[in-house]
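J.: Go by the hints and put chain B onto chain A.
Number of protein chains: 2
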Amino acid sequence: MITKPTLILDQQKCRANIRKMVLKAEMHGLKLRPHFKTHQSLAVGRWFKEEGIQGITVSSLGMAQYFSEEWSDITVAFPVNIREINTINTLAKRINLNLLVESLESIRFLDKHLTGNISVFIKLNLGNDRTGLDPKNLDLIEKLTETIDASSKLKFSGFLGHAGQTYKCRSEKEIKEVHSLAKAALVDVTEALRSRFPDIISSYGDTPSCSVCDDFEGVDEIRPGNFVFYDLMQVQIGACESNDIAVALACPVVSIHHDRKEVVIYGGGIHLSKDRLTENGADLFGKLAEPIGSGWGDLIPGCHIKSLSQEHGVVSVSTKMLKDLKVGELVYVLPVHSCMTANLMKAYLTDGGDIITMFNP
Amino acid sequence: MITKPTLILDQQKCRANIRKMVLKAEMHGLKLRPHFKTHQSLAVGRWFKEEGIQGITVSSLGMAQYFSEEWSDITVAFPVNIREINTINTLAKRINLNLLVESLESIRFLDKHLTGNISVFIKLNLGNDRTGLDPKNLDLIEKLTETIDASSKLKFSGFLGHAGQTYKCRSEKEIKEVHSLAKAALVDVTEALRSRFPDIISSYGDTPSCSVCDDFEGVDEIRPGNFVFYDLMQVQIGACESNDIAVALACPVVSIHHDRKEVVIYGGGIHLSKDRLTENGADLFGKLAEPIGSGWGDLIPGCHIKSLSQEHGVVSVSTKMLKDLKVGELVYVLPVHSCMTANLMKAYLTDGGDIITMFNP
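Chain order of the listed sequences is A and B.
1 is the number of the first residue of the first sequence in our numbering; add one for each residue after it.
1 is the number of the first residue of the second sequence in our numbering; add one for each residue after it.
So here's chain A without its partners, still in its complex pose (with noise of 0.2 Å):
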């Protein structure tokens, strides 16, 4: 029995989503190289290589670590942390290791410290800007190829770039728009760079583009990590349908309160995470969906998170909802941001019943 806050995670639909980037990617002669941030769970990661993926990506060395386990060629899509060069050094031994640079310091900083081999991408910043060389700046990402080409410790395996601007996006049009300029820029300087590096690749990320676009022109790898499991945010972004989320946290009701319409449930901010959306200028922490047999169905209308507290969640619910609702009942919330929910709960628990688990560090 369900007793606390638990996440569910609906194996159908989150293999179905798997299989639908795969597909994509083959459509598109794209390489798939997802990023494993968002379940952060070897069994789960076992579901992609049934697909036939091989290479992964990840957001923190210790992340690597933990999927070394069973993954031989994974990168660290983060700049690289130089403070962390013993733990750099120990999975270079045994994997193909691929780490981002973005500065010159970086790049002398692993040739003089690394003890084995390693590649490295240079991070751009598609419009992005949280990390990334201007794709506008050539001298000086010359200058870096340069420095990475004069490492005989160091491959130099192209660019990288992730178009986290179209989580600004509320439509599948703007979202085309972002990735058509982001792509581009991307692709240019790979272009520009290939007489002198002929194997280098660009790689693309961004779970909203590689959803819904269909232009990858220039582009050989993509790594979009949230689809795996989807959300509320990725619907509002435009990126899904609510139907296609694959997880939802199990919450037993614990105060009904008929004066306000809302009930309080068992689940606050350190199971679904403070990520908030706002819609029709209020904002909201999860949307309430349908219980079905040891699942759940279509969103209830009328019925979401307001405000969560350290482990309170307070539910605005519909006229109906709280005519049936009991204390003790479960409801099944729909997060806003997966990756954050999921990074809290540290399991899942399949509809099949089995307890899944995750990187625990």
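Rather than coming from a laboratory, the hints here were simulated on the basis of the structure.
These figures come from a predicted structure and were not determined experimentally.
Virtual Cβ for every residue (Gly too), placed ideally from N, Cα, C.
Keep in mind that the hints are not guaranteed to be accurate.
[Stated by the list, open to error] As a list, the in silico DSS-like pairs of lysine-lysine whose alpha-carbon atoms are at most 25 Å apart: (1) Lys-168(B) - Lys-306(A); (2) Lys-136(A) - Lys-168(B); (3) Lys-326(B) - Lys-261(B); (4) Lys-168(A) - Lys-306(B).
[As the list claims (entries may be wrong)] Reference listing, derived: stretches of chain B covered by chain A, where coverage requires no fewer than 3 residues with Cβ under 8 Å from a Cβ of chain A: (5) 76–82; (6) 104–116; (7) 263–271; (8) 310–321; (9) 337–344.
[To be verified] On the chain B side, residues computed to face chain A include the following (Cβ under 7 Å): (10) Gly-127; (11) Arg-130; (12) Val-254; (13) Ser-255; (14) Lys-274.
T.: Frame of chain A; chain B shown alone:
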């Protein structure tokens, strides 16, 4: 050496925060039953024991199990989750367990399924509109007290409230106004029922009120929690100074952007949490403090986290800071909400170099 995001605990500041609250409680003749959901650590709990604390508050039955190793009087300040009746029965055998009730259904369920004895508080809504009964609804309150009294397994301990609406205050004056109303509501109900139940107590919560208010007439017990560490949210509320904050997240710098006057740190939403403050119309997720020895000092003007992804923090920095910082160096981030940051980090490094473990469900 610190290689990745690490939560540093300044033992001196933390112990000073504890001592100050202990003295305040003594001065007002209040029992201090500190909320341990902030630090979630047996080791930090021992610093409270050294100050004479005997009973504690937690926010979940799991946390109660963890602390029951060293504490024998625990209040779970969360509406009883009847699905965890087995855990309740196990705990009730070992410790004095105090639970919160706010419905006849929960009371009847407990009476039927308990195998031992527990104490219950009736949760009152002191204006926070999260959980609890309306203090004006004396008919319903009396019905609950009678149902509790009729049970041989339940001891009625009194009324408990949490003036969480102080979190919307922005000055000491505002906190005092909110506190005055909230406290009166709690005390009035307790007094009204005392002729019938002479041994009941009133238990009052929230760090802002307990930090700055001086009128606790009629209150028997206080349950602040966050004060053990404080954080930027408490500074904004007006409950503490930034130099009272006893935890900071040490984060490696991984990327520097002179054009945008920004640096990117290894330290994201899975370390700090997505809790945010709004200052001058913009969101912020943490502020940098001056590194001093193995700890930190004053806030650095003009340096704050402007956005967080899963592992990245984007920090707006001052011109001076930008000039001095190098990739691979550490910055010290004061958290917006220390409870959420501690819950994510699951361990502390003291400024003395000791690692302190936490509840890890």
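J.: Determine for every hint whether it applies to the structure shown.
T.: Comparing the hints with the structure gives:
1. Lys-168(B) - Lys-306(A): 16 Å, holds
2. Lys-136(A) - Lys-168(B): Status violated; Cα separation ~46 Å.
3. Lys-326(B) - Lys-261(B): Holds, at roughly 13 Å.
4. Lys-168(A) - Lys-306(B): 16 Å, holds
5. 76–82: holds (count 5)
6. 104–116: Per the Cβ count (3), the hint holds.
7. 263–271: Coverage by chain A holds here, the residue count being 4 at a Cβ distance below 8 Å.
8. 310–321: Satisfied; 4 residues make the cut.
9. 337–344: holds (count 4)
10. Gly-127: Given a least distance of 13 Å, the restraint on Gly-127(B) is violated.
11. Arg-130: Hint holds; Arg-130(B) Cβ to chain A Cβ min 6 Å, cut 7 Å.
12. Val-254: Hint on Val-254(B): holds, closest Cβ of chain A at ~4 Å, below 7 Å.
13. Ser-255: 5 Å, holds
14. Lys-274: Where the cut-off is 7 Å and the nearest Cβ of chain A is about 4 Å from Lys-274(B), the hint holds.
Hint violations for this structure: numbers 2, 10, all remaining hints satisfied.
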